[in-house]
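Asks: Sequence:
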Amino acid sequence: VDVADLGVDLYSLASNPLYGPLGAGCLYVKRGVSIAPLLSGGIQERGLRAGTENVAAVVGMGKAAELATRAIPGEAERLKGLTQGLIDGILSQIPETGLTGHPSQRIPGHASFVVSYVEGEAMLISLIMEGLVAASGSSCTAKDLKISHVLRAIGLDHAHAQGSVVFTLGRENTARHVEKVLEVMPPAIERLRMMSPLYKKAR
Numbered sequence: 004v005d006v007a008d009l010g011v012d013l014y015s016l017a018s019n020p021l022y023g024p025l026g027a028g029c030l031y032v033k034r035g036v037s038i039a040p041l042l043s044g045g046i047q048e049r050g051l052r053a054g055t056e057n058v059a060a061v062v063g064m065g066k067a068a069e070l071a072t073r074a075i076p077g078e079a080e081r082l083k084g085l086t087q088g089l090i091d092g093i094l095s096q097i098p099e100t101g102l103t104g105h106p107s108q109r110i111p112g113h114a115s116f117v118v119s120y121v122e123g124e125a126m127l128i129s130l131i132m133e134g135l136v137a138a139s140g141s142s143c144t145a146k147d148l149k150i151s152h153v154l155r156a157i158g159l160d161h162a163h164a165q166g167s168v169v170f171t172l173g174r175e176n177t178a179r180h181v182e183k184v185l186e187v188m189p190p191a192i193e194r195l196r197m198m199s200p201l202y203k204k205a206r
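Residue numbers (my numbering): 4 to 206.
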């Protein structure tokens, strides 16, 4: 990441997506940009955050970033291939399902869908029962049962937006995991739709 090339004033990065320690992160602040302290009371971190620094987590994040940087080229291509297989499979095998976001300009390993007439939580439970883990929205809104404001903003109505499911593939995932999703998800969606009053009404 080149913050000058991006032209940003602030840039935050979490450690866990890099397989680094949980709870660690970093914040770039452009020279001349003023922000309020997160915690007051000390001069650590240029007066922006008082308290003892978690040196072990900082070092761990640095090492994780170093390892991730080396792996990026090959891993990005591998994940793109797996993700495209997942996208193609879900869209071809599950009717009335849409991909959210750009078809190709997306983070490698990320695939987000809306499945009509099915609630996201019901899909997640069906997948978990088969040993698969997904999400029904961003991690920052995981406890919020309301539908995504982003999905509403791109024009999806409630019946479609409530059926959000997000898959994130990582370094431990293989083609077998994608195959398992494609084995499990279509029959699960069909079963859930048969119980859906909205689906019956649409038919």
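Source of the hints: derived by calculation from the structure; they are not laboratory data.
Hints are not guaranteed to be accurate.
[What the hints assert, rightly or not] Cross-link-like lysine to aspartate or glutamate pairs, in silico, EDC-like; alpha carbons within 20 angstroms at most:
(1) 83 x 182
(2) 204 x 122
(3) 33 x 78
(4) 203 x 193
(5) 66 x 122
(6) 183 x 193
(7) 83 x 193
(8) 204 x 193
(9) 203 x 122
(10) 66 x 78
[Stated by the list, open to error] Label-pair ranges, simulated between beta-carbon atoms:
(11) 197 x 35: 53 to 63 angstroms
(12) 179 x 95: 32 to 42 angstroms
(13) 20 x 56: 34 to 44 angstroms
(14) 32 x 203: 53 to 63 angstroms
(15) 11 x 52: 14 to 24 angstroms
(16) 8 x 84: 25 to 35 angstroms
We put the beta carbon where it would ideally sit given N, CA and C, even for glycine.
Asks: Holds or violated: are the alpha carbons of residue 183 and residue 193 at most 20 angstroms from each other?
Replies: Answer holds: residue 183 to residue 193 is near 16 angstroms, not above 20 angstroms.
Asks: Is 14 to 24 angstroms right for how far apart the beta carbons of residue 11 and residue 52 are?
Replies: Because 20 angstroms falls inside the window, the suggested range holds.
Asks: For the pair we were handed, residue 83 and residue 193, check the Cα-Cα distance against 20 angstroms.
Replies: violated, 28 angstroms
Asks: Within 20 angstroms, alpha carbon to alpha carbon, are residue 83 and residue 182?
Replies: Within the cut-off at roughly 15 angstroms; holds.
Asks: Is the straight-line distance between the alpha-carbon of residue 66 and that of residue 122 20 angstroms or less?
Replies: violated, 40 angstroms
Asks: Given the hinted pair residue 203 and residue 122, is their Cα-Cα distance within 20 angstroms?
Replies: holds, 15 angstroms
Asks: Hinted pair, alpha-carbon criterion (20 angstroms max): residue 66, residue 78. Please report holds or violated.
Replies: Within the cut-off at roughly 17 angstroms; holds.
Asks: Taking 53 to 63 angstroms as the hint, is the beta-carbon distance of residue 32 and residue 203 inside that range?
Replies: holds, 54 angstroms
Asks: The hint says 34 to 44 angstroms between residue 20 and residue 56; measuring C-beta to C-beta, is that right?
Replies: The hint (34 to 44 angstroms, Cβ to Cβ) is violated, given that residue 20 and residue 56 are roughly 21 angstroms apart.
Asks: Does residue 193 lie within 20 angstroms of residue 203 when you go C-alpha to C-alpha?
Replies: holds, 12 angstroms
Asks: Decide if the proposed pair is consistent with the structure: residue 204 and residue 193, CA atoms, cutoff 20 angstroms inclusive.
Replies: Holds, at roughly 15 angstroms.
Asks: Please work out if residue 33 and residue 78 have their alpha carbons no farther apart than 20 angstroms.
Replies: violated, 30 angstroms
Against the hints set out earlier in the document, violations occur for numbers 3, 5, 7, 12 and 13.
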